[in-house]
Structure formats: C-alpha cells, structure tokens
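Engineer: Spelled out from the first residue to the last, the chains are:
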Amino acid sequence: MSTVTIDKAAPTRKVKYGSISRDRAWALRWSYFFLVIFAIFFLTPPVYMLITSLKSSAEISAATNPWWVFHPTLENYIALLTSNQFLRFFWNSAIVSIFVVTITMLISVPAAFALSRMRFWGSATLATGVFLTYLIPETLLFIPLFKMFAVIGDWTGIQLINRWYVLLILYPTLTVPFCTWIMIGYFASIPKELDEAAIIDGASWFQTLTRIFIPVALPGLIAATIFAFTVSWAQFLYPLVFTTSTDQLVMPVGIITTLIKGDVFNWGQIMTGALLGAAPPLIIYAFLMDYYIAGLTAGATKG
Amino acid sequence: MADVTLRKVVKRYDEVEAVRGIDLDIADHEFVVLVGPSGCGKSTTLRMIAGLEDISDGDIMIGGDIVNDVPPKDRDIAMVFQNYALYPHMTVAENMSFGLRLKRYPKAEIKSRVDEAARMLDIVELVDRKPKQLSGGQRQRVAMGRAIVRNPKVFLFDEPLSNLDAKLRVQMRIEIKKVHQKVRTTTVYVTHDQVEAMTLADRVVVMNHGRIEQIGTPNELYHKPATKFVASFIGSPAMNFIPCRLEDVAGKLHVRLTDRLAFPLPLARAVRYQNVPRTENLLLGLRPEHITEARPHAQPGVETFDTVLDVTEPMGMETLIYFTLEGTQVCGRVNPNADAHDGAPFRLAVDLNNMHLLNEVTGVVL
Amino acid sequence: MADVVLQPNRAATSKTVGKRGSLHKMLKRKSTVAFLMALPLILLIATLVIYPAFYALHLATLNKSMSRFVGLGNFEFLFKRETFWLVVQQSCIFAITAVIFKAVLGFIIAHFVHNIPAKGQRKWRGMLLVPWVIPPAMSTLAWLWLFDPSYSAFNYTLSFFGIGPIPWTGDAYWARFSVILVNIWVGAPFFMIMYLAALKSVPDQLYEAAAIDGANWWQRIWYVTLPMMRNIIAITTLFSLIVTFANFDIVRILTAGGPLDHTHIFATWAFRIGIEGSDIPLGASVSLFMVPILAVAAIFILRDISKRGNEA
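The listed protein sequences derive, respectively, from chains A, B and C.
The numbering of the first sequence is the working numbering, which starts it at 1 and goes up by one.
The numbering of the second sequence is the working numbering, which starts it at 1 and goes up by one.
The numbering of the third sequence is the working numbering, which starts it at 1 and goes up by one.
Quick caveat, the hints were computed from the structure, so don't treat them as lab data.
Cβ coordinates follow ideal geometry from the N, Cα and C atoms, glycine included.
Check the hints yourself; a few may be wrong.
As the list claims (entries may be wrong) - Quick look at which bits of chain B chain A covers, simulated, 3 or more residues with Cβ under 8 Å:
(1) 73-81
(2) 97-107
Stated by the list, open to error - Examples of chain A residues toward chain B, derived with CB under 7 Å:
(3) Ala124
(4) Glu193
(5) Leu194
(6) Glu196
(7) Gly202
(8) Ile212
(9) Pro215
(10) Val216
To be verified - Distance ranges between label pairs, derived from CB positions:
(11) A:Ser61 to C:Val88: 36 to 44 Å
(12) A:Leu43 to C:Cys92: 24 to 32 Å
(13) C:Gly170 to A:Leu43: 20 to 28 Å
(14) C:Ile212 to B:Glu125: 22 to 30 Å
I would like the entire structure built from these sequences, with the hints used as guidance.
Structural biologist: Printed below as a string of structure tokens:
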C-alpha cells in the first residue's frame, strides 16, 4: 500500500523540483551573460592601455586594427624605464606615498584609539568632525591652501610651493580623516572587556594600544594603510596645483604634463606610463584584495 | 591574600544611583558571591572593587589599604570576565603570562607559573593554541588561568559562567570551587544565578536596587531569609506567598488563608508571632517542599487539606504540583508515586514548622 | 554627632591629597592622555581643513590682486556671466546623471555577482572592481585615447556597423556624454562592492520566508532586498554625490572643460580661473558654490550614520 502511494507522489514532485532547478540554471546563465558584458565594459580601458603600450609609434599612426598588436615591442617600456625623468616621477610618487602612509598612521591610530575608548571633553563632537572632514573634497580647499602656502613662503621664507614635500602636508588632509574613521570603527568592535583585562593585567593606555588594539585590529590597520597609499598614489589635483618643475612632479601629473607635448601625443608612451602608474595600486589590490574591499566598505558599514 | 572591605560605597551615574551605600566585609580566603537580578548593582560593585569604575562616595579597602584612587593594576587583583576577554592574537600561554610580562618577571618564573596554572586547570596541552581554537569551557579555564598566574590578593569573577551551556556550567562551577580550595585566594564572584551563588559561596550577598538585602551563608539565606525579595530569589521553584491573616480561635493562634481554610500554628511559631496585630495583611511564605502529599501519620505542625490540582509537572525524582488558593498560584512538591493528576482532587499537607510570615506591605520577614 | 565631626575632616584630607598631585594626576588622567593622543589630528583638521575653508570665504571677498575688499563683488560678477550658469547646470547634470547610473548599474551588477555560486564570486568581484583601483588620472588617459578624434578605437569598431565617426570629445553634447560615461565607469564598481556587502548581510531566511509567502523574484527585491539595503544605498549614493559633484580629474584630463566650456564643472572651472588664470579670489568664489550641495548631502549622511548608531 504505502509503496504505491509513494510511487504516485514521486513523479509530480520530481517535475516541480526540476522546474525550479531549470529556472535557477537560466538565471545563472543570464547572470554570467551580463557579467561578461560588464566585465568587457570595465576592463576595456586597462586592456587597451596594455595593447597600445606594446605598439610602436609607427604601428599606432598606421591606423591598423587598434584592438590588435601586429608587431609587439617593448620599446615604450624601455624608453620610459631608462628615462631619468620618468624614474624621477616614480621615485617622487613612491617617497611621497610611503611618507604619507607613515604620517597618516601615526596620527590616525592614536587618535582613533582615544576617540573610540577614552572619552574626553568634546570627543564625540570630534569623532563626528572627523567624518565631516572626510566628506570635504580637495577641490574645495586647493585654492585657499595654495594661497596659504604662498603667504607662508612670503612671511617665513620657507618655500613650500613647487616642492614635492609640500604634498606630505597636503595628502594627510585626505587620508587621515578616513583612516581615523575606519580605525574608530575597528577599535569600537573590540569588546570593552579586552582593554579592561589589559588594564587589570597592568598595561598602560599606550601598552593597551600597541600590544592589544593594534594586533587585534590589524586587518583594519592594513585596510587603512592600503587606502592611504592608494589615495596618495592617485592624487592628481594637489600635485597639479602645487608642483610645476619636472623634478618635483609625481607620476600622474608627470605623465600628463611631460608626455603630452602640445598637440603631439605619443600615445604608446602615454599608455605605458599610465599602465606603470596604475601598476602599484593594482599589484597591492591583487595581493590584498580582501583588505582593500574591507577598507572600502568600512566607511559606511562600520561606526 | 587579603581581606576586602567596602564602607558606604556609592556609585552615581549622573543623577541615577546604581549602588546606594554598601557595607561589606570580606575576610581573607573567603569566597563571597554577589547575587541579584540584572541592574541590581552587583557588577558595578565588582567593577568598583577592580578599579574599573570610580567610586562616587565611600571607601574600598583591600588588605587594609584604602584603594579608592589606586589604578586597577596597582590593586593586585585579577578578574575573570563574562566573555572571557582573552586576547585573540595571543596563545593561551601568552594570554596567561601577559600581566607578568608587563611587570617584567624573569622568564623562568613566568614559565613555571604558567605551567603550574595550566596543570591545575588541566589545559597543559592547549598552551600553544589561540583562543579561537578553544571551546567555551576551555576559554573559561584559560581566563581563570590568567587570573591564577598573577597570584593576586583578590580574584574577581564577573558572571563567568553565563556564556556556557547548562551542562558545562555545572562542571565549571565545580572546577572553580576546586581551584579556590587549592589557592585559597579571597574571591568576589558576581552572578545572577542563585544556584551558582548557593553552591559556590562561603557567604552570599543578595543585592537589589543598589542595596544589600541580606548577607549570609547559603543555608542562612535559604532557611532564614530576611525579606520577601531574598525569600523569593533564593530557591527554585520559588517560595510561595499566600495572603493570610492571624486569628485567635479558641485561644489558639491560627493562620487564615481563605474563608474556609485556616491552620493552627505550631507552638514555637505561635509564640513567635504572638505580638503581630491580628488585623495586619500578611503573607504566608512556604517553600514548595513543605507542601507535600498528605501522609497517613499525623505529625505535629503538619496540617492537611483538600484541593484540586491545576497542573502537574513530573520531574522524575519528584512531581511539582500547582493549585490555586483565592487567585494565588501555589506550587508544591509531591512524591512521584502519589497519584497526582492534572485537574484531579488531591489531599495535601503543609509543614507549618518551616513557615515564614511576612508583612505584605514592607516585605519584611517577621 | 560623630558624623558631623567626621565629614569636614574627610573632605579636608581628600582636598590636600588632590592638590599635592594635581599636575601629575592630570597628566595621568585618562582624558588628558586621550586629548594628547588626538591632538595631532585636531591640529591637522584645524590648520589644513577648517582654517582654509574660512580662508576661502575671506579670499572670495577680495579683488583679483587681493589688495581690496570687494564684499560680494565676485559673486555679483559671477552671476552676470553666462559661463557660470553653464557650469552650475553642467555640474548638476553631471553629478545627478552619473550617480543615478552608477547606483543602478552597481545594483544590477551586485545582483548578478550575488546570483552566481559563491566560489566564483571572488574572481568576478575582483575583476569588476578594477576601474575603481586604477588611479582615475591614469584610466582617464586610456579613455582619452579611446576617444581620440582620429584614432578612436570605438569609432573603428562602430564603423563596421556603419555608425560614426562620433566626435566623442569634440561636440558639446557628446563630450558631456563621454565625461559622464567615464565617471560611471570609475564609480559603478564602488556601488557594486557596497551593495554586494549589503546583499550578503540580508539573512537567507527572509528570502525563504518571502518565497513561502509566494513572492516572485521582483517582489523579493522590492519587499526584502531594497528595504534591508536602504541605509547602505542612501549612504553610498550621498557619498558618491559628493565625490562626483566635486570631481576634477576626469573632466580635467578628458576635455579640460571644453569644447567651449561645455563640460566645465565647479572644480575644473575654479582651477582654470584660480590657478591657471591667477584670479585666486574668483576661483575661491567658484569653488565655494559647491558648499551648499555638499552640506546638504553631508547632513543626510550624518543623519543616516547616527541612525545606524542608534539601531546598533
């Protein structure tokens, strides 16, 4: 008896089950289809950079199929990597970024610790202020800052404009607020008992920060470091405004101002330079993608 | 090793008083449990002893020294937290030795102390693991190990077992008791679980609304509660409170529960309650174990009556029965073989030798 | 009696103790230490963000050589210039269009990524975020090359379909389109990542419950996904609105404001006037026009963030 009923029930169930899985399969196919289209859209410019960078000037001006390299050559890479000027840009960018990352961490980590754990007069307002500062774009401040530094130069004789190290003062205004903000979020997610345990164990505030908080919030610290680095590396407006001599320029501005000479565009070299300029962030991203994404989403999901 | 003394300790948060003047003397080697419902101020009191909270008024002494303004690290205490608060990036051994390393103890001594504590807690094979790789009970042991290694004057426990499941809780309770028997360090233990309080403590401090309701040994609290709060908080199932009044019937003092139900008091009780005004609204406090099935042989002070049971709960070794007296639900414990059924009439006996009489308004036990 | 005698005594002793170690104690006080730890941050914000912001207000009231106070003269001058109104209009079109497309595109892509099996998601997510990772100045160069008037790779491809050649950056309307397109290209991945994180945080049980209640996929998105993600969508959109509105790199490199100022937005025009044209007060005045819309967006973000804080 019972077997008969099961046999009767089985076919109807099977059909229904099959229809669901068929729906799923189609949804999946469509998802992949659109993802491929979007991936093409998103990856065309960088791929095109690579294609062009492998072409000689002759091949570029011959206007053959732009999507294909007929005579691949490394001459653009060789030209740039042996050019003192280009290496100078790269060097400036690297130095500026490393210093800015260091300065940012030295300022924002202790501040985030103080703001998330140690309450003092006005600390809540300051935490909000930090976030607001992060929302202020550099395009709002570059003109008054430029004038400020010019005035400082007139008054004190300390010439900051057209010196690469002026960027060490300017970039932290972009990196510190966000890094402080996400570190506040990471520190706030550490249970309160952990620092109480440390205090009872005899740790000072400083020891609590260095021996407990920094190691525990290391993923956040890495995310903040990556953020600070990519922002410093990519920043375009401040170096464009504040530095002009070719030996003071950083990568993005250097490539744009020196490789574009009047109306003569050496596209092979420009694309090579752009690709080399994009390489450090891309390499960091490739290896530390999870931290990179954690930092990206932390701004809105933490705190 | 030290005694701990609290003198009129007050904690105010803005205008709210969380702790309203507590006096408490904890002797050396003593295991004292602060127990009470959440928000009663027990954790705040513990945190004030630890130095994690400033005290608003009064004095706290550890080993005879006033420590009001002494930072936690100089109070020579160790604390075990509810969520263990193990440092996630350190191994078990590093967790346990962190305090000693900060104080720059010699390496050899740190190692021997950690080893000893690990042996005592049976976590020797875990010392190189990270907290993430441990179970809840193991984490709890490590947290205790961290306290033991320090060899402090006082152990402070803040609800250490509430994150564990029921079975593990019983096991760790025994473990904590064993450790205390070995190290004999003065211990202040906070919990909301009266069973934990009763089983662990040399003395239990029952707190409510920021005040101490009663201090006593577990047996004192159980058998001689001072207030209705203590009487109802200690013991499970809780004590029954039945509205009643005293009455003189034929020269004998009776307690009247309903129009039809009144019991004569046993002699000792009658003497004790002689001066209670007969008009006062009172509560009869009876623990469930003193409401049992009627037995064939009458005993002095044990009175029988008939009722209809609402619900019965067979527990195995006993059956809990519930019935209603004038709108008050009453719980009793009867022999599982006593033939008690839901909705069935049943003959019960109350042991008035163990009764309590409370003032209904003030809650004071008379 | 005893109490009365005791009280003043105790108060006195505690006072002397307080005095003796007051400086030492203050230095050890938690709030003092905390303040010192936050001090570099405070100084940085005060001198390099707040001060310049007010300094911009001051600059905006000076004449070109910064020798004379002209009050609102710069603003009056701007209001009379046609280019200014063009910039206002373009900034708004640019920001609003780009943000809407970024938000929608990001949402769609996030859904597709969320749909595919978890083990492939990492790979796709990694690939689709690349535009956000490349410094915008560098990627815009690639676009500039793709849009090149004579060698445009797009026009080459489109010619096979009989379309074009399209003046990507030469014609005012096409140039606006191109600028917005590049901005969408850069920004959509950010939305995708944010939405993906939000999608992951929606408990599966909710979808199962909705499916049992008979909701189709569209109803599931409308009644479950969107409400659950409302906060993230709001914050991401507002944040992107600020960044897009204040954008500089893309327009500067792609069109430099041209043709005929038809793609200038506040930031690029302020740069053109203030730095390239050396009229710092007028440039400062232009950039100040970004403040109102930024302030509104910031207020909304702050409200959302504090709401999140209250919920937690």
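Engineer: Which of the stated hints cannot be reconciled with the structure, identified by number in ascending sequence?
Structural biologist: 3 and 14
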